[in-house]
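Asks: If you read the sequences in order, they're chains E and L.
Each step along the first sequence adds one to the number in the working numbering, with nothing skipped, and position 30 is 30.
For the working numbering, add 1000 to where a residue sits in the second sequence, where the first one is 1.
These aren't lab readings, by the way, just hints derived from the structure by calculation.
Treat the hints with caution; some may be incorrect.
Claimed, not checked - Pair ranges (Cβ atoms, derived):
no., chain 1, residue 1, chain 2, residue 2, range
1, L, Lys1352, E, Gly102, 56 to 62 Å
2, E, Gly104, L, Gly1075, 51 to 57 Å
3, L, Asp1183, E, Ile7, 33 to 39 Å
Said to hold, decoys possible - A partial selection of chain L residues facing chain E, derived with a Cβ cut-off under 10 Å:
no., residue
4, His1020
5, Arg1059
6, Arg1061
7, Val1217
8, Val1363
The C-beta atom is built at its ideal place from N, Cα and C for all residues, glycine as well.
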Amino acid sequence: MNAAVEIDVKSEAEAFLIAEARLLDAGRFDEWLALFAEDGFYWVPAAPGQSDPLNHLSILYEDKSVLGMRVRRLGHPRVYSAQPAPRTAHLVGNVTAAPGAGPGVDCEVRSTVMMAEYRPGQAADRRLWAGQQTHKLRRTPEGWRIVLKRVDLIDCDAVHGILAVPI
Amino acid sequence: MPDSIAPDSLRRLVLPDRVHRSLYTDPAIFDLEMTRIFGRCWLFLAHESQIRAPGDFVRARLGREDVIVVRARDGRIRALVNRCTHRGAQVCQAERGNTAGFACPYHAWTFGLDGALNSVPHRQSLPPDFDLKDPRLALAAVPRVESYRGFVFGSLAPGGESLVEHLGPIAAVIDNVVDRAPDGEIEQAGGIARQEYRGNWKLHHENANDTLHPGFVHESSVSAARGDPRDYAAPAYDGHQTHTQMLSNGFGVREWQSLSLTGFPAGHSYMGGFYRGGVLSPDRDDPVWREYRARLVARHGEEKTARVLGEDRFNNLLYPNVSINAQYQQIRIVTPLAVDRTRVTAFCFRLKGAPEALFHRAVRFLTNLSSPASMILSDDIEIFERVQGGLANPEPEWLDQSRGLGADRTEAGGRTVSAGLSELPHRAQYAAWLRYMTAAA
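Turn these sequences into a full structure, and let the hints guide you.
Replies: Structure below.
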């Protein structure tokens, strides 16, 4: 791959991550879900460097069908843990893109993500979630689709309160 | 002083049909709970599989104490208070590991696995009568540590009823989870989930066997699961488990009423008949389950296997700090941190000798129920925090727990039993609470 193409892919990937972050911040979870490939997974490990989602618990490990239930739930009028709805601001940076390594993966994008979260109401929580994320992407006629989104939180194995919305 | 709360004052706060808000909000009552309940009762500390070899240790909390549960060279399990007897620094930072002893980072006092003070630097500057063998210089040890089929409990009371006496018939859930292992042994595996909520510890226990809340609190997950096509091709990692865990809170009033609730004088309780409905049953007609069942039959024979797998008790609360689910090999430890702050620690067990895929189901159950992103527990925790917020109001003073009152049946040994839609477990917990809190020192 020549340098110009690399820069092109990197800026395309960066634009994708920013668009994804904006959907999450806007609470447009249906549209966010649609970014996943039909065989896509969303994984937030619960241990640093976790290699295995089957033999160790995760904060989240969901394929598109289970993630679909999560998104539907967030649209329910009585989803108490997300009411009032958390407000979030994602910041994505330190983006690098490399050609995809696995089958059906065209591009692997690594970045750092921070999500500031404010939960209005009596809890009035202000929290900061941060970590490294990896997006394995597939190029389709409809645009990039997520084959795997993995978020490695720096405090993935810490004591947490409720995490009501996707990071 | 906490002990200045007179027994008669406490008795005025707990009535059969209601309890006073100060049980959830008064720091003086919390202090007394730490002395009279968490300072005396048998509390779950660890599982023996976490400390198999000499030198293996795991941290735990025993009431107010930060303790190190450790297996000494003689194989005996001790629980040592994590505080150097010199200037008070913690001698252990790791959550678990293996060590030859405990060295204080501050002035290098070193302690053995039995807690004995082994060495101090520069002996000549200490008084001549300074004696390493002085028991006051050893790491403080929890006076009683006992194990029931691999489950290690500790009590800060030097005497009193034995662990087996305290557990009584609720020990059946420990038997059941161990008996489910084809090799007769279980081990903690798959990581540990920890969450904290801003509410009193008792809110967790009341909720565990509260049959009326799921239809309301978990409505959003039931509804999301029902909206799912039942026949979608569930990926192997999940096998519809998330779906069924969410659906399991969707019983109607008649189904909840058909369950039974059992409470014990020690404060323990469980829900019976939950799996009969088949919604959450681990007993699936698939190759993994058939293979598992065959291995269990090889160990126990058909009759006992049917009995072990047919055990239908859900959310077994071992008062005051642990809840066990045998069917999915889950354990949840409830640790009070302050009157309005509680930690929930959860993990699962591997049934030794069972197919690996069965363990994956336990891990999946743990992720679904006990992760911070759980679509079930998160709503419970949200409600605990709203209750704590509501109880900050000085008025009204009372919380009602009268559902089913008058229909509780008392059976042999003092256990109380009722149909599902009842606040019997609340009443059993508070009857025990009052007895512990008013017992003489």
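Asks: Let me know if the C-beta of Val1363 of chain L comes in closer than 10 Å to any C-beta of chain E, holds or violated.
Replies: For Val1363 of chain L, the interface hint holds, since the closest Cβ of chain E sits about 6 Å away, which is under 10 Å.
Asks: Given the range 33 to 39 Å, decide if the beta-carbon distance of Asp1183 of chain L to Ile7 of chain E lies inside it.
Replies: Violated: the Cβ-Cβ distance is about 57 Å, outside 33 to 39 Å.
Asks: Taking the beta carbons of Gly104 of chain E and Gly1075 of chain L, is their distance inside 51 to 57 Å?
Replies: holds (53 Å)
Asks: Answer holds if the nearest beta-carbon of chain E is closer than 10 Å to that of Arg1059 of chain L; otherwise answer violated.
Replies: violated (13 Å)
Asks: Under 10 Å, Cβ to Cβ, is where Arg1061 of chain L needs to be relative to chain E, so tell me if that hint holds or is violated.
Replies: violated (12 Å)
Asks: Holds or violated: the hint that Val1217 of chain L contacts chain E, with Cβ atoms closer than 10 Å.
Replies: holds (7 Å)
Asks: With 10 Å as the cut and Cβ atoms as the points, is His1020 of chain L at the interface with chain E?
Replies: violated (22 Å)
Asks: Cβ-Cβ distance between Lys1352 of chain L and Gly102 of chain E: within 56 to 62 Å?
Replies: Violated: the Cβ-Cβ distance is about 34 Å, outside 56 to 62 Å.
Violated hints, in rising order: 1, 3, 4, 5 and 6; the structure is consistent with all others.
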